[in-house]
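Q: Now for the letters of each chain:
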Amino acid sequence: QVQLQESGPGLVKPSETLSLTCTVSGGSISSYYWSWIRQPAGKGLEWIGRIYSSGSTNYNPSLKSRVSMSLDTSKNQFSLKLSSVTAADTAVYYCARDRGSGWTGDYWGQGTLVTVSS
Amino acid sequence: DIQMTQSPSSLSASVGDRVTITCRASQSTSSFLNWYQQKPGKAPKLLIYAAFSLQSGVPSRFSGSGSGTDFTLTISSLQPEDFATYYCQQSYSTPPTFGQGTKVEIK
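Chains as they are written, first to last, in the working numbering: chain A, 3 to 120; chain B, -7 to 99.
Please keep in mind that the hints were generated in silico from the structure rather than gathered at the bench. We put the beta carbon where it would ideally sit given N, CA and C, even for glycine. Nothing false has been slipped in among the hints.
Here's a subset of chain A near chain B, in silico, CB distances under 8 Å, partners left out:
| id | residue |
| --- | --- |
| 1 | Gly46 |
| 2 | Trp49 |
| 3 | Pro63 |
| 4 | Tyr96 |
| 5 | Ser103 |
| 6 | Trp105 |
| 7 | Thr106 |
| 8 | Gly107 |
| 9 | Trp110 |
| 10 | Gly111 |
Here chain A stands alone, though its shape is the one from the complex (with noise of 0.2 Å):
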């Protein structure tokens, strides 16, 4: 059984870098899509961005210009890097693995809280 699990700071002062890690544990990185989705308390969800386990990545458009991921083979795990947060970027921050086909999150990490608060 696949199993996700999120960490990294919970508290990001406006301007600087939101960093997080994804761990996955019961499974190989390779050969999937992993992902980032976010949810501010109370909405809906937002696709940031995936990172195939060659590197490439796709980003959404909205956030394009402030995202990066990465992943690293030897430890199991990918992480995003969001910089230049504010207030709006406050949300419980997912990771997820994409089973293909466009895009399909099977696997799930329970989420992280992310504020943005000086």
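Using the hints, position chain B against chain A.
A: Here is chain B on its own, set in the frame of chain A:
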């Protein structure tokens, strides 16, 4: 981006009821449409992918139908554990986009 619109935004139903949730896309997504269930404080759970395919482990009372721009999620006999928020999501084009959610509450 393709806009996804769900109706209703919320509904009240009783255990045993048949429940139908509708999702409409702003342009055709063929059959690239997924459904998720989310309970408070939890991550979304994949129920249906590719419009009508049941994800492994999901009870058969859940079913999906539709193609093009109009899709439906049906729960044939609502169970206590089904009270949650349901989201549709198109996987036809990047970025994938979600509906605003339908909250299913106890009547």
